[in-house]
Amino acid sequence: MHIHHSQLEVRTDGKATYEITNDVQDKIDKSGVRNGIATIFVQHTSCSLTMMENAAPAARRDVEKFFEKLVPEDADYEHDDEGPDDMPSHIRMVLTRTSETVPIVDGKMQLGTWQGIFLFEHRRAPHRRRVHLTMVGD
Amino acid sequence: MHIHHSQLEVRTDGKATYEITNDVQDKIDKSGVRNGIATIFVQHTSCSLTMMENAAPAARRDVEKFFEKLVPEDADYEHDDEGPDDMPSHIRMVLTRTSETVPIVDGKMQLGTWQGIFLFEHRRAPHRRRVHLTMVGD
Amino acid sequence: MHIHHSQLEVRTDGKATYEITNDVQDKIDKSGVRNGIATIFVQHTSCSLTMMENAAPAARRDVEKFFEKLVPEDADYEHDDEGPDDMPSHIRMVLTRTSETVPIVDGKMQLGTWQGIFLFEHRRAPHRRRVHLTMVGD
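Protein chains in written order, with the working numbering: chain R, -4 to 133; chain E, -4 to 133; chain L, -4 to 133.
Rather than coming from a laboratory, the hints here were simulated on the basis of the structure. Everything numeric in this text was worked out from a predicted model, so none of it was measured. Some hints here could point you the wrong way.
Identical copies go unnamed one by one, so any copy, or any two together, can satisfy a pair.
The calculated lysine to aspartate or glutamate pairs, modelled on DMTMM-like cross-linking and capped at a C-alpha distance of 20 Å, are [as the list claims (entries may be wrong)]:
hint, residue 1, residue 2
1, LYS25, GLU68
2, LYS10, ASP80
3, LYS60, ASP76
4, LYS60, GLU73
5, LYS64, ASP75
6, LYS60, ASP80
7, LYS25, ASP69
Next up, chain R with everything else stripped away, as it sits in the complex (with noise of 0.2 Å):
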């Protein structure tokens, strides 16, 4: 049993969901891991790892349409020192989550048929964006 660190960087531009599922896989694959878990970390306060329904664009843009209203920016916050679209950023990260970890067997991660594997970009500018992997298995 062996432990695989392995990093990712997803470039964004704009508020929407980048889906990584493939290149997540391609890192487990040469990591040689047939058989464990995955932990999937990102490294950052405003943007997220999300789970997604990975066949429908429409229901993508729906969940960003939801999260624009639920955390709107416009709203009154206190620290807006890097433009309307930071303090709502790191709200949707609270709402959202940061790490997931996903069984591995026979060298593939054990997802649903419908399940992918997105970066959740908050911010409006481009960004690259660290995801840190961690293999743990045989």
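Since the structure of chain R is provided, determine the placement of chains E and L on it from the hints.
Okay, now just chains E and L, sitting in the frame of chain R:
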């Protein structure tokens, strides 16, 4: 140290929370892992895994009512292929969780006094839900 | 490769976020694990674990204000045995998180520049909160 995989099937009958704490503990007992971690992973995008107060059914009904109001069925969603409860189910899932990792000591999950593990069903129709468990430890 | 368990007690004094990043790192230092993962698990249903922006106290106050408005104490809850902050505390917990798993490389948690680990207290009265840590690695 070893890896042990196991699966649960949870039959749901409409929007509600279904406790699976004892089912998860049974699978840990069978795995023989006495010291380590258990990752619980729901393989769906229209139901969630959540920890919850396990002693008060009224508290669970209040949680369900809150989500019904926060993510209403009658909002104007672009994605509505599978009926009015489809899109809200994906948003509820993003707002909650897909996996949790729980410590195991002396063969027992280290839950707090009032903590239970629940599958949170977001669809109206009956479903068979798959939960993948991975134990890592001795 | 081994498993190391450890516990933190966090004293809280009302609704707020309490940073525990250094306490978690101290326990990892003591565990001797230099390469692996750390699972942080909160053993309660009325407070949460959350990653958050650690440099701006105003950002944390905005998060707290947001949750106060999203899950108000004066809504009409069925479960109110323990006062007006009881039911909102369980809903806030469901909307946030109970566990996170963080990578460890060279003995250090691989957090991003602005990431801190926080206990998010949802009750008004002072509490002693238990956080269970499990390190898996070499």
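Hints, one by one, checked against the model:
1. LYS25 to GLU68: neither (41 Å within a copy, 43 Å between copies)
2. LYS10 to ASP80: within (9 Å within a copy, 25 Å between copies)
3. LYS60 to ASP76: Between copies only: 18 Å across, 24 Å inside.
4. LYS60 to GLU73: Answer is between; shortest inter-copy Cα gap is 10 Å, intra-copy 24 Å.
5. LYS64 to ASP75: Answer is both: 18 Å inside a copy and 19 Å across each meet the 20 Å cutoff.
6. LYS60 to ASP80: Both. Shortest intra-copy (14 Å) and inter-copy (17 Å) distances satisfy the 20 Å Cα cut-off.
7. LYS25 to ASP69: Neither: 45 Å inside a copy, 46 Å across copies.
Checked against the numbered hints given earlier, the structure breaks hints 1 and 7 and satisfies all the rest.
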